[in-house]
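Enquirer: Here is how the chains run, residue by residue.
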Amino acid sequence: MKTTKFTVGALSALLFVGTLALTGCGTNNGSSGAADGSSDELIGVINVEGSDTIVNMGQAWAEEFMDQNPGVMITVKGGGSGTGIAGLINETTDFANASRRIKDSEVDSAESVGVEPFEHTVARDGIAVVVNPANPVGALSTEEISAIYRGEITNWSGLGGDDMDIVLLSRDSSSGTYEFFKEAVVGEDAEYAREARLLVSNQAIVDETAGNEAAIGYIGVGYITDAVSVLEVDGTAASVEAVLADEYPISRALYMYSDGEPTGAAAAYLEWITGSEGQRIVEDQGFVPLG
Amino acid sequence: MSRVKRARMMESLAKGIMGIATLIVVGIALFLLGYLAYRGAPSVTWEFLSQAPRKAMTEGGIHPVIMGTVYLVLGTAAFALPIGIMAGIYLSEFAPRNLWTRLIRLAITNMAGVPSIVYGLFGFALFVMSMRLGVSLIAGALTLACLTLPVVITVTEEALRRIPRELRQASMALGATRIRTVRKVVLPAAAPGIVTGSILGLSRAAGETAPVLFTAVAFFAPMPSSPLDQTMALPYHLYIMATQAVRPAPHVVWGTAFVLVAGVSIINIIAATWRSAQRKKIKW
Amino acid sequence: MSIGSLIDSRDRSGRAAIRRTAEAVASGLIHASGWAAILILAAIASFLLLNASRALGEVGLLTMLTGDSWYPTSDNEQFGFVPMMAGTAWVTIVALLTAVPLGVASAVYISEFATGRVKEISKSIIEFMAAIPSVVYGLLGIALLVPAVKDILGLDTGLTAFTAGVVVGIMVLPTIVSISEDALHAVPDALRQGSAALGNTRWQTVLKVVLPAASSGIFAATMLGMGRAIGETMVVLMLAGNAGIIPGDPFVSVRTMPGTIAAEMGEVVRGGLHYSILFATGLVLFAVTFAINLAADLVLERQRKRWGR
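Residue numbers (the numbering used here), protein chains in the order written: chain V, 2 to 292; chain P, 28 to 311; chain G, 4 to 312.
No lab work stands behind these hints, which were simulated from the structure alone.
You may find that some hints are simply not true.
Stated by the list, open to error - With a Cα cut of at most 30 Å, we get these calculated BS3-like pairs of lysine-lysine:
#1 P:Lys-211 - P:Lys-307
#2 G:Lys-126 - G:Lys-211
#3 G:Lys-126 - P:Lys-42
#4 G:Lys-126 - P:Lys-308
#5 P:Lys-308 - P:Lys-211
#6 P:Lys-32 - G:Lys-122
#7 G:Lys-308 - G:Lys-211
#8 P:Lys-42 - G:Lys-122
#9 P:Lys-307 - G:Lys-126
#10 G:Lys-122 - P:Lys-307
#11 G:Lys-308 - G:Lys-122
#12 P:Lys-308 - G:Lys-122
#13 G:Lys-122 - G:Lys-211
#14 G:Lys-126 - G:Lys-308
#15 G:Lys-211 - P:Lys-32
#16 G:Lys-211 - P:Lys-42
#17 P:Lys-32 - P:Lys-42
Claimed, not checked - So the derived list for chain V, only partly shown, Cβ under 7 Å to chain G, looks like this:
#18 Gly-81
#19 Gly-83
#20 Ile-90
#21 Ser-110
#22 Asp-173
#23 Arg-195
#24 Arg-198
#25 Leu-199
What the hints assert, rightly or not - DEER-style ranges, computed between Cβ atoms:
#26 P:Glu-86 - G:Leu-297: 46 to 54 Å
#27 P:Ile-297 - G:Val-28: 30 to 38 Å
#28 G:Leu-68 - P:Arg-30: 51 to 59 Å
#29 V:Glu-65 - P:Ala-304: 45 to 53 Å
#30 G:Val-28 - V:Glu-65: 51 to 59 Å
#31 P:Arg-81 - V:Glu-42: 17 to 25 Å
All residues carry an ideal CB built from backbone N, CA and C; glycine is no exception.
Modelling step: build the complete structure from the supplied sequences, incorporating the hints.
Expert: In structure tokens:
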């Protein structure tokens, strides 16, 4: 019986130590943490959530900022623009990354619980329409893409391609890219075709398009790789330069929303993101910096 | 052909077919585990286990992810073990044989069958929102504790059942109260079974994604410094890397999967072996 | 464990009183904990119902259960469950078709024919499968099964109900095997011996005597497996493809109820209609799995009474 007592004791000790480790390290809680008055050091916890288009850039920003400011703790999560904005309203996040504008209905929901969304533009982006590299179709018009995504054109042969049924790839409804593409291309009063496959991320669309000769999908320009082939839309192919020059038809701004004007560490973070260092990361990630 | 001969032939045939079925099942298990080890084991270096991720998860390691899971499990244990063990004691030692007890047992079996995503919904509504804990380590631990509770209760009750009645009777004949008997006689004897079973239940909790999806986790976070912080966790990390991460480094993906499965397996094997060793010592 | 401590019950007022109080407290806590399971289960049901009430009131259960379009975020919102119920059904069917024949056959082999080390090793390995987390199954599915399904069956994508169903089936195998095995083990040896005495071969005994006797237990195992398959989330999220159509066969991309909840839960605002609808989905899921588990439990209870184990 000594062994069992020992085991129970060991387990309790482990539990005890574990809980200590959690609470003992000091709490830097409070969202827009106040800067420590006695020194220049920033302290705070910043939770960021939302757009999958922005998530990798968000992580790169967080890594760099935390390196420079060790007293700040930043968490980053994807899930889609809708997720971020919902998080802002539910008060589970400090910043909502969004690749689309906040909707009026969302603003209403927010205000009804006392949350005031403030919009900050942090970068720009283009949405590329991609197909499999083996697909002979290299250019389409916005109307054609719209018809495809509404389910009205279902075979590549009608567009100058091979006789194959089009495999329609889309993001799912929590994605800002899904919403933006719907507004900009599919049509505000129309719906995506029912056969559209709702994939969870830009990367999932890239993967599926690369492996499927009949696929068509849409992704942020930052996600273009050699594995897929980028279509010319109304004569211009998606690229950072085209968006900067305002030549690409499917362009948008990327936003971060906060509840009210940010203060403390959160304010410093936002300022840093829109400053030269943050914008350099925007370029590294393949997005379009603020002009 | 004689009836006997036909019967014998059927016997061999049936045995063959079922043997093949078993072989297929076992084969699938071994193949999957082997493939996982083949793709994942090479990534597991000391650096991988001890460093934080860098450059969008393409460099560095998964240390905070591992620690996040460890903290979640510790938190789960802190809530599920006391309540679960006490509930198991109640069922085994104190509960009268009536309808209420039958209902309690029914509730436990049913809790075990509730899909993990429903626990996630429940946890989000209660712990994250109503109790205003926010998306946090503690909300996740509480949710996982609900999930693990039926396992702990069942395991405790079964371990206590194994103890022969005579032991309890002897103790009470000497004048000890029921509680005393439980504390000094029955519980220590059942401890190996309880500990092992609980560890197995906790290791299952370590691998669950759905309950922590909206209650605790973030894709990228430093190590939590308080129970109210968000945290990374192995199963969620794996899920995101497999479906959403941009150009995920395959070695990180498979390495994470391998660490998760290896961790869970090692704990299970140690627990099970320890239990066999303890059982051999005790002679009822 | 010292006998002396047990004999120590002479009433020495002070200490004994403290001990009695402590024991009363402990006893109270223990009795309270006994009810924990019922409390939590009731809490889950209530929270689901409470949060689903807005959806049930505004949209109505009937509309949800019979509606065939799911467009929760559009301005013209529609909340039909039929596509995802159909998706769940297909995944479950494929899963059971995979798991039940293989699982029951293995259980019979392990219980009735295998001996010694073969039996031990097979049992251990199959139990081990149960410890593998569902995300890992999902990852393996993406790496191994998705491309295979696409190429071998010539589909336009490997993300289908079939793919998800097969993997869920593999996940559910340990459950079916171990519970079936328990059921077979519960059949008394006397029956087997009697059958052998009448001149039956092993297989004839199994077929004519043991299997019928264990049938309710095996049925319960299948039901529990079905319950698990219906509720599986991660594998489906990763492998089923997530299209909103009502599938006529399992070789297309589908949505399932748990998958939809997991995919959309992040984007809903507390108190909103979409939030409430997801809870309604959770409620339906809870009700279905509860019913299945209840049925399985009653069947197993009957088997326990019958064979005394």
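Enquirer: Which of the listed hints are not met by the structure?
Expert: none
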